[in-house]
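Q: Same order as they appear, the protein sequences are chains A and B. The numbering used here applies: residue 11 is where the first sequence begins, and numbers increase by one. The numbering used here applies: residue 729 is where the second sequence begins, and numbers increase by one.
Hints are computed from structural coordinates only; laboratory data are not their basis. Please note: incorrect hints may appear among the correct ones.
Here are some of the chain A residues that sit facing chain B, going by a computed Cβ distance under 8 Å [what the hints assert, rightly or not]:
#1 Pro14
#2 Arg23
#3 Ala30
#4 Pro34
#5 Gly36
#6 His38
#7 Thr51
#8 Thr95
#9 Gly215
Keep in mind that this is a model prediction, so the values were computed, not measured. Glycine residues also receive a C-beta, built at the ideal position from the N, C-alpha and C atoms.
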Amino acid sequence: MSEPPISRGFRARKRPDGPANRVPPGQHLVNDFPVLSAGPTPHTSLEGWSFTLEDGPSPLAEWTWAQFAALPQTTLKVDIHCVTTWSKLDTNWQGVTIDTLLEAAGLGEPPELFTMIHCDGGYTTNVPVEDLLDGKAMVATHFEGRPLAPEHGGPARLLVPHLYFWKSAKWARSLQFIAQDEPGFWESLGYHIYGDPWREQRYAGD
Amino acid sequence: MPATEAVAAPRRLEWLTATVTDVIVETPRVKSLVQDVPRWPGHRPGQHVDVRLTGEDGYQAQRSYSIASAPEAAHLTLTVERIEEGEVSPYLAGEVRPGDQFELRGPIGGYFVWTVAAQGPLFLIAGGSGIVPLMAMLRHRAAASVAVPARLIYSSRTFGDIIYRDELDRLMARRDGLEIVHTLTRSQPAGWSGGMRRIDREMVASAGFPSSQRPRTFICGPTQLVEYAASTLQELGHEASLIKTERFGPTGGVG
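Only chain A is shown next, with the shape it has when bound in the complex:
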């Protein structure tokens, strides 16, 4: 299509919408933290919680909640971008980076090039390994200095802030290394396989 139709009388209410170099195309800033999930919020007890690294079907390492909390912690201050078009700047997270998990598992390098994240409630999402390394991602347990609330993914969610936020899977329980990229839950339902907000990769084919 050439020129978009003009919507008569529509104008910006408040612009600029934050610093332009921090708000991806088609996004707008919010101050609250909207909740979006496909099903009921799981309430997993910390006693029953564990986080697992897997190579295909084989477990590589597993941490209980206490063991996970004892791993070296990292804080990240990042902007997050939801595919439903809201963005939120300067959010503060604490958790364990994927680099730290690999090191703690005694892995010099990741066994495969892709990953699938598995969650309580059956949710999955796929992320290439290189998007998880070098401090780019963590398994987060705290948001703004407090334990992560269940509706926001607590006890622990993946945090991959440079991709659309559906990739930052709530209620994460395992990170599985896989040889070939495969679509996760939303990626099988029409959402983009990679999800880069700066290239506006919202849906398949974008």
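Once you've looked at the hints, dock chain B against the given chain A.
A: Chain B alone, transformed into the frame defined by chain A:
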């Protein structure tokens, strides 16, 4: 598209031009926009679209809105609640009149979806404008003339805030297996016979289906309502995999 190209890359969802043909005032804060959308590919009840507005100076803004119309309807209809501090909804639910144009693309979302092929029973719980995607399901059910047992619990602030009130009355008057329970949380008119409180466990248990009937359950509304209803249903023995949710926070998905 030539067949030879139909193999590899998924087809991109194209931006289409929507022309508003009718504006229906649903409540003081909510309007439905009936549209003509050439090349609209069709949808399933529960899906949504992305809407993109372009101002005369080229400024653009986009948001997601649920589809209110049934797939069987001749026109695509979106129902939009005005969020005062928003940028897009005050325009769509305020200034738009027939003949106005904007872009949309979709349908989007394939999980929060019900068609008659999925059978039932169908159990719907809505708060405020969360009724919109559920209305697409009820309109589809009526258009398909199936008697799948269906129940709706719909929470609104006041009588005047009930979206689709007359149409919901008409749907229930068909006596085809649909039961609707309204509850009004802020004030009730004289002689009101519906609920007078927020959706609670007793309401969910008495107005819903027992878990043994394995209802397909869809909950849409503000986060607090969705969290409460979904966890209550699980306490009542409903399987998590049969409960699908969409949350409309103050800005989540709308605005």
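Q: Check the structure against each numbered hint from earlier and tell me which ones fail, lowest number first.
A: Checked against the structure, the hints that fail are numbers 3, 4, while the rest are satisfied.
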